[in-house]
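**Q** Heads up: the protein sequence lines correspond to chains A and B, in order. Residue numbering for the first sequence follows numbering that gives the first Met the number 0, beginning at 0 and increasing consecutively. Residue numbering for the second sequence follows numbering that gives the first Met the number 0, beginning at 0 and increasing consecutively.
Heads up, some of the hints might be wrong.
If several chains are the same, the list does not tell them apart, and a pair holds so long as it fits within one copy or across any two.
As a list, the in silico BS3-like pairs of lysine-lysine whose alpha-carbon atoms are at most 30 Å apart [to be verified]:
no. : residue 1 : residue 2
1   : Lys216    : Lys352
2   : Lys309    : Lys204
3   : Lys300    : Lys32
4   : Lys306    : Lys216
5   : Lys332    : Lys185
6   : Lys351    : Lys192
7   : Lys332    : Lys295
8   : Lys352    : Lys84
9   : Lys216    : Lys185
10  : Lys300    : Lys204
11  : Lys84     : Lys204
12  : Lys84     : Lys295
13  : Lys300    : Lys84
14  : Lys309    : Lys216
15  : Lys309    : Lys295
16  : Lys306    : Lys204
17  : Lys32     : Lys185
If you're looking for bench data, these hints aren't it; they were derived computationally from the structure. These numbers were taken from a predicted model, which means no experiment stands behind them.
2 protein chains.
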Amino acid sequence: MEGTYSYQQLYQFAKNIFLQIGCNDANAETATKVLLSADLRGVDSHGIARLVGYVRLWEAERINANPNISIVHETPSTATVDGDKGLGLVVAPAAMQIAIDKAKNVGSGWVSVKNSNHFGIAGYHAMMALDNDMIGIAMTNASALVAPTFSSEKLLGTNPIAVAIPSGNEAPFVSDFATTTAANGKLEILQRKNLDTPNGWVQTKEGFPSNNANELKNGGALLPLGSDRDRSSHKGYNLGAIVDIFSAVLSGANYGPWVPPFPAYVPMPEGMPGEGIGHFFGAMRIDAFRPASEFKLHMDKWIHRFKTAKTVEDHQRVLIPGEPEAEFEIERKANGIPLHESVVADLTELGKKFDTPFN
Amino acid sequence: MEGTYSYQQLYQFAKNIFLQIGCNDANAETATKVLLSADLRGVDSHGIARLVGYVRLWEAERINANPNISIVHETPSTATVDGDKGLGLVVAPAAMQIAIDKAKNVGSGWVSVKNSNHFGIAGYHAMMALDNDMIGIAMTNASALVAPTFSSEKLLGTNPIAVAIPSGNEAPFVSDFATTTAANGKLEILQRKNLDTPNGWVQTKEGFPSNNANELKNGGALLPLGSDRDRSSHKGYNLGAIVDIFSAVLSGANYGPWVPPFPAYVPMPEGMPGEGIGHFFGAMRIDAFRPASEFKLHMDKWIHRFKTAKTVEDHQRVLIPGEPEAEFEIERKANGIPLHESVVADLTELGKKFDTPFN
Numbered sequence: 000m001e002g003t004y005s006y007q008q009l010y011q012f013a014k015n016i017f018l019q020i021g022c023n024d025a026n027a028e029t030a031t032k033v034l035l036s037a038d039l040r041g042v043d044s045h046g047i048a049r050l051v052g053y054v055r056l057w058e059a060e061r062i063n064a065n066p067n068i069s070i071v072h073e074t075p076s077t078a079t080v081d082g083d084k085g086l087g088l089v090v091a092p093a094a095m096q097i098a099i100d101k102a103k104n105v106g107s108g109w110v111s112v113k114n115s116n117h118f119g120i121a122g123y124h125a126m127m128a129l130d131n132d133m134i135g136i137a138m139t140n141a142s143a144l145v146a147p148t149f150s151s152e153k154l155l156g157t158n159p160i161a162v163a164i165p166s167g168n169e170a171p172f173v174s175d176f177a178t179t180t181a182a183n184g185k186l187e188i189l190q191r192k193n194l195d196t197p198n199g200w201v202q203t204k205e206g207f208p209s210n211n212a213n214e215l216k217n218g219g220a221l222l223p224l225g226s227d228r229d230r231s232s233h234k235g236y237n238l239g240a241i242v243d244i245f246s247a248v249l250s251g252a253n254y255g256p257w258v259p260p261f262p263a264y265v266p267m268p269e270g271m272p273g274e275g276i277g278h279f280f281g282a283m284r285i286d287a288f289r290p291a292s293e294f295k296l297h298m299d300k301w302i303h304r305f306k307t308a309k310t311v312e313d314h315q316r317v318l319i320p321g322e323p324e325a326e327f328e329i330e331r332k333a334n335g336i337p338l339h340e341s342v343v344a345d346l347t348e349l350g351k352k353f354d355t356p357f358n
Numbered sequence: 000m001e002g003t004y005s006y007q008q009l010y011q012f013a014k015n016i017f018l019q020i021g022c023n024d025a026n027a028e029t030a031t032k033v034l035l036s037a038d039l040r041g042v043d044s045h046g047i048a049r050l051v052g053y054v055r056l057w058e059a060e061r062i063n064a065n066p067n068i069s070i071v072h073e074t075p076s077t078a079t080v081d082g083d084k085g086l087g088l089v090v091a092p093a094a095m096q097i098a099i100d101k102a103k104n105v106g107s108g109w110v111s112v113k114n115s116n117h118f119g120i121a122g123y124h125a126m127m128a129l130d131n132d133m134i135g136i137a138m139t140n141a142s143a144l145v146a147p148t149f150s151s152e153k154l155l156g157t158n159p160i161a162v163a164i165p166s167g168n169e170a171p172f173v174s175d176f177a178t179t180t181a182a183n184g185k186l187e188i189l190q191r192k193n194l195d196t197p198n199g200w201v202q203t204k205e206g207f208p209s210n211n212a213n214e215l216k217n218g219g220a221l222l223p224l225g226s227d228r229d230r231s232s233h234k235g236y237n238l239g240a241i242v243d244i245f246s247a248v249l250s251g252a253n254y255g256p257w258v259p260p261f262p263a264y265v266p267m268p269e270g271m272p273g274e275g276i277g278h279f280f281g282a283m284r285i286d287a288f289r290p291a292s293e294f295k296l297h298m299d300k301w302i303h304r305f306k307t308a309k310t311v312e313d314h315q316r317v318l319i320p321g322e323p324e325a326e327f328e329i330e331r332k333a334n335g336i337p338l339h340e341s342v343v344a345d346l347t348e349l350g351k352k353f354d355t356p357f358n
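So here's chain A without its partners, still in its complex pose (with noise of 0.2 Å):
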């Protein structure tokens, strides 16, 4: 059943099965506190209600609990890391920790990963360049559900960009988002009220408009952000694309319709072309540019105005990126995580399966 429980417990149980499933302590709890950090910013659909699935993987074999994670290739300001099929929620701050050295010798870095798995939230990632007064980037690619503009097969994942930027007395902006009009997440959140989508979601197997949240299910599509040429899909496609190059294309990674997929029971696309599923990161320092403190007070004045822009009626205020989550966050850490019955049921029978109880 439905309920609400504290980080700690959570983390305490994640944590748990990291091990159980052989990650050394400091893995479990990296691993932990990546997957758990989508729970506590309100991305319910990329937290611990994804244990399981990591856990299918790692029973398919297709994960290494103590990857050797290596740099293949580099520059001083870039490098390309294999992940030797680690946790992505393991491989991807490591990967971002070389781009953040990197920006602290020269500037700047950037990481294009191979041979990971799927690494929980992008702004988890984007976010670690924050306390180093740096500009944080991570994106990852993902298994094909969406089809780019004229297209009726699926040929992209939701590939996701985060953007992590300091500010001073202001909160951080902190982006990170899908390149689809609609993240998968929330597709699931309609599918369990039994709802239609909004326009502009989804395409039928055939390429034509839907509203049936279950269309993936029926081999539909969801469709890139823009939803449709009229409204500019091409440069959500775009977007897409660019994310799949950068994470696979340059790392040596599976892209486009070959990414593996998440869920353990899909098979694995036939002739792939890389190894494992990529991403992509990037640090810059602010004072490569500009003195932090400069930089900072602008941040404070460009947010302050955003948030006090005129409204559209009816609308409280305009958002900074990142406000949402950080509240969520606040909220979260003070009053429990709540958990769909469904997660309760998963993670009690995984409990099980480890002698692990949860609650």
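Starting from the structure of chain A, add chain B where the hints point.
**A** Chain B alone, transformed into the frame defined by chain A:
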């Protein structure tokens, strides 16, 4: 009256005009080449049709014909450039060249520019990277025409992003788009034809949906990519904001509603926090990640797979970013560039003023 003109004809005319406003020969050549690359690629709104606009900015003493473009701050992989009030058409290629040179040395180069003006099409600058086997990135802010999600005020420009990626035998991948549902040039076409816009392009002064192609003149606004909250306009708003911050908050240019307008007759915003408009450029050497030959094989495979995807009924095929523009370029180099009668009239008048007959 309407007519079709050879590239050489337009090149000579535009170069002469730039010489007349005091550009030295090298600057006049660069400005002309960048400006006309828009006409060649079919982006008519950003080409020679804007020559009059640049001249008016010069008349208003907002343009320095021979700027002293200088690096004011740098690290091995980054630089901040002061455009010295130059034509963006001249400042941008110089700044992109700095990014490319840095990439040659340390793998990647990233340049934020202040004190510049409009730089033509973003794609031109990004494509400078291609001949160097580099990925090129170019973006710019622009005067505020766009209302963020929930805002009735215009706070962002159409803030385009261009990304150019080398390929092998296939044409390169060149994405270049405004972060709005529709660029202003598309509205102008509808205005001339007295047609309504599709849903999701513009809103009224109060922030209500509209289909009036003249809505901007009534105090209305363009909408961010995504159109409305149901179709994730906050993602287009985020993208436009990121372009604004990378281009201007990082460099010390004006941002948000304070970006100087392109039309010289529009008064400058009050209380401007920076200098001129801002751009941001990036260059990444392919072989800073993996051997270029390997990358190009996979890029060709990527492009081929997308090109040959099954399409939605009635659609020829899935387009690769930059393909339509490359086709325009071949066609227009061979058969000339068609100009609208109002553009011909503007250029004829401009020619008279500067004793440089058009035609």
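**Q** Within a copy, between copies, both or neither: where do lysine 332 and lysine 185 come within 30 Å Cα-Cα?
**A** within (23 Å within a copy, 47 Å between copies)
**Q** Can you give me the call for lysine 306 and lysine 204, within, between, both or neither, at a CA distance of at most 30 Å?
**A** Answer is between; shortest inter-copy Cα gap is 18 Å, intra-copy 41 Å.
**Q** Pop the pair lysine 352 and lysine 84 into one bin, within, between, both or neither, using alpha-carbon distances up to 30 Å.
**A** within (24 Å within a copy, 68 Å between copies)
**Q** Can you give me the call for lysine 300 and lysine 32, within, between, both or neither, at a CA distance of at most 30 Å?
**A** Answer is neither; intra-copy 32 Å and inter-copy 37 Å both fail.
**Q** Tell me, please, which holds for lysine 84 and lysine 295 at an alpha-carbon limit of 30 Å: within, between, both or neither?
**A** between (39 Å within a copy, 25 Å between copies)
**Q** Tell me, please, which holds for lysine 309 and lysine 295 at an alpha-carbon limit of 30 Å: within, between, both or neither?
**A** within (24 Å within a copy, 49 Å between copies)
**Q** If the cut is 30 Å between Cα atoms, do lysine 309 and lysine 204 qualify within a copy, between copies, both or neither?
**A** The answer is between: 11 Å across copies meets 30 Å, while 42 Å in one copy does not.
**Q** Checking lysine 309 and lysine 216: alpha-carbon separation at most 30 Å within a copy, between copies, both or neither?
**A** between (42 Å within a copy, 19 Å between copies)
**Q** Taking 30 Å as the upper bound on the Cα-Cα distance, should lysine 300 and lysine 204 be classified as within, between, both, or neither?
**A** For lysine 300 and lysine 204, the Cα distance is within 30 Å only across copies (24 Å; inside one copy 47 Å).
**Q** If the cutoff is 30 Å on CA atoms, where do lysine 32 and lysine 185 land: within, between, both or neither? Let me know, please.
**A** within (23 Å within a copy, 46 Å between copies)
**Q** State whether the alpha carbon distance between lysine 216 and lysine 352 is at most 30 Å within one copy, between copies, both, or neither.
**A** within (29 Å within a copy, 65 Å between copies)
**Q** Quick one: lysine 332 to lysine 295, C-alpha cut-off 30 Å, is that within a copy, between copies, both, or neither?
**A** within (27 Å within a copy, 47 Å between copies)
Hint compliance for this structure: hints 3 and 11 are not met, and every other hint is.
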